[in-house]
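For the record, the sequence lines run as chains Z and S.
Be aware that the first sequence starts at 991, since it is given in our numbering, and climbs by one per residue.
Be aware that the second sequence starts at 37, since it is given in our numbering, and climbs by one per residue.
The hints are simulated quantities; they were obtained by calculation from the structure and are not laboratory data.
Incorrect hints may appear among the rest.
What the hints assert, rightly or not - In silico lysine to aspartate or glutamate, DMTMM-like type, Cα no more than 20 Å apart, as pairs:
#1 Z:K1332 <-> S:E311
#2 Z:K1336 <-> S:E310
#3 Z:K1141 <-> S:E55
#4 Z:K1139 <-> S:D91
#5 Z:K1285 <-> Z:D1008
#6 Z:K1332 <-> S:E233
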Amino acid sequence: MTEKVIEKFEVKYLQVVDEAGNADPAVFPAVQDETIKKFFETIILVRAYNDRAISLQREGRLGTYASIYGQEASQVGSALALGKDDWVFPSFRESGVFLSLGYPLWQMLRYWKGDERGMKIPKELNILPMSVPVGTHIPHATGAAWAMKIKGHKNAAVCYFGDGGSSRGDSHEGFNMAGVFSLPVVYICQNNQWAISVPRERQTAARTIAQRAYGYGFEGIQVDGNDVFSVYKATKDALEKAKKGEGPTLIECFTYRLHDHTTSDDAARYRSEEEVTEWKKKEPLIRLRLFMQKKGLWTDEYEKGVSAGAKEIVDKAIEEEEAYPPSLPADIILYTNAEPTKRQIKELRELGWQK
Amino acid sequence: MAKINIVQAINQALKEEMEKDSSVVVLGEDVGKDGGVFRVTEGLIERFGPARVMDTPLSELGIVGAAIGMSLYGLKPVVEIQFMAFIYEAIEQFFSHAVRMRTRSRGRFSCPMVVRTPYGVGIKGPELHSDSSEAIFCHMPGIKVVSPSTPYNAKGLLISAIRDPDPVLFLEPARLYRSIKADVPEGEFTIPLGKAEVFQEGGGITVIAWGTMFHRAVEAGEGFDCEIIDLMTLKPFDEETVLTSVKKTGRVVIVHEATKYCGLGAEISAFLAEEAIMHLKGPVVRVAAPDAVVPMALLEDYYMPSKERIRKAFEEVMKY
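Make a model of the complete structure from these sequences and hints.
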């Protein structure tokens, strides 16, 4: 009889471009300059949208809003790595993913104002309405990936959630099934260090969230979530693997939520100003700008032009959103089932919402 | 036409629908080689293969959650949850996702899926194998809740459930699985969801029941002038059939094996109070379980409404 090690695992960390804007050529993904500019322009756009959303909320023109500030590289980098036929299962802090995929900006604002029509996803996009309950949508991505496999389709499902969501039982059951059936799914955990006021250390005693994947028999990787290239590369690689039939991947994007949890939160109650200041130095745009400058892809004028363009897009979207006709109260009932029940028809009449 | 039991009728419905529609898939614990703990899915894996008949990990939340994902992607999953009390872990998947996907996306997405599960007392099972928690689900907007009572309606209702564009919870009375045999035609026939059946016409008492309690109410009704309604679809229940009968009889007894407090009988009673109070000769009486957890095997006969308790209710309402 003997005692021996029967299983070992290692967790990789990937950083392509560091905080000073220097790229590691050994891991640099195959991207054209056009794609690099697309990263930059999309980050500027989602940030412009995000800033305006917060101002609109302060002015009473938008409801409670969940800021994505600080997480733009994780969202833009992963979303721009997706194929047209891939399906996306987002959480509520994924405005950047939606917009990177071409989601109508006015609809996004409309949703945050409190209108379900904001999540009436256009037909050409395979994005699910954002999941407000935390982590509970993880098994849906698993199931959709399972259906893709059953149907013999060559696409993949991508699921976004956070460090908080990774603690839910839903993540366990969703990951486990994906591992057992080797499904084409990529789980992207944006570890932004805070689940409202609860720090990452309270979610798990494990050193990384990425390593959880090994418990389910598939690979996990931690990437610098503030580096758009790292996230892009990891997502591309994971999608390619999924589509080759080699199973799921868990990508932990190590990032930071620079704003409050939502506009209803006050993060000063539970975290220090110094911590936020330190992370601000690492935010995604700074290093992308430095990197592009070194490559001769960035000038002050270029950025000014991109920012002005983004402002224009956001202004137009706000106008469009604010001009949108109000919902009918009957819609509260009418979309519940494919056909309204007799009780619902009666209720529509009693409430005076329909004759 | 062969005489078959409910297990065989459900198996036949699954087989025929899977034959007809390649998007219909079955998943759950032990549904493959074992054919399900009640053998309802027997033979399906041999016929349709493991890609369409999936033995899953022990993971009720995951199973229902994955079925939601499958339905979003164009499959028609039919889930088996081994016993109704095992479903509690997955309630959030129903309430937060399956039943509201259509409205949250304003019609872009929907979750056409069926979750089948045996329910109810009478099989002397271990703890948490005998719950009747239909009311929890009936309270959810956007779902249909169905409970057959015979081999014939089990098949017809399940085919309708599989073809329904929205989520359906299909509650199979475990006690009845093998206790009744009846003629069931092979091939396709459907029983519409949302329609009750007047099993027996009568002028004295409207008796409303479903599943196991439907049969017990029929037995108890001997000697009384009962109009017996087998509700079959619990959500949305057939208000019209109930109302027509109550207007005729003026007396109502509702029988169910779930607890009386906030049970489905409460909704039916309140509906009748709103819609038929002027037609009622006396109080609506519910025969149901006490406000207590389902007991283990040795006490379950006390918990379940007995023939005597139902007859007592009939005598009570006939005083008016």
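These are the hints, each one checked on the structure:
no., hint, in the structure
1, Z:K1332 <-> S:E311, "holds, 14 Å"
2, Z:K1336 <-> S:E310, "holds, 13 Å"
3, Z:K1141 <-> S:E55, "holds, 16 Å"
4, Z:K1139 <-> S:D91, "holds, 16 Å"
5, Z:K1285 <-> Z:D1008, "holds, 14 Å"
6, Z:K1332 <-> S:E233, "holds, 17 Å"
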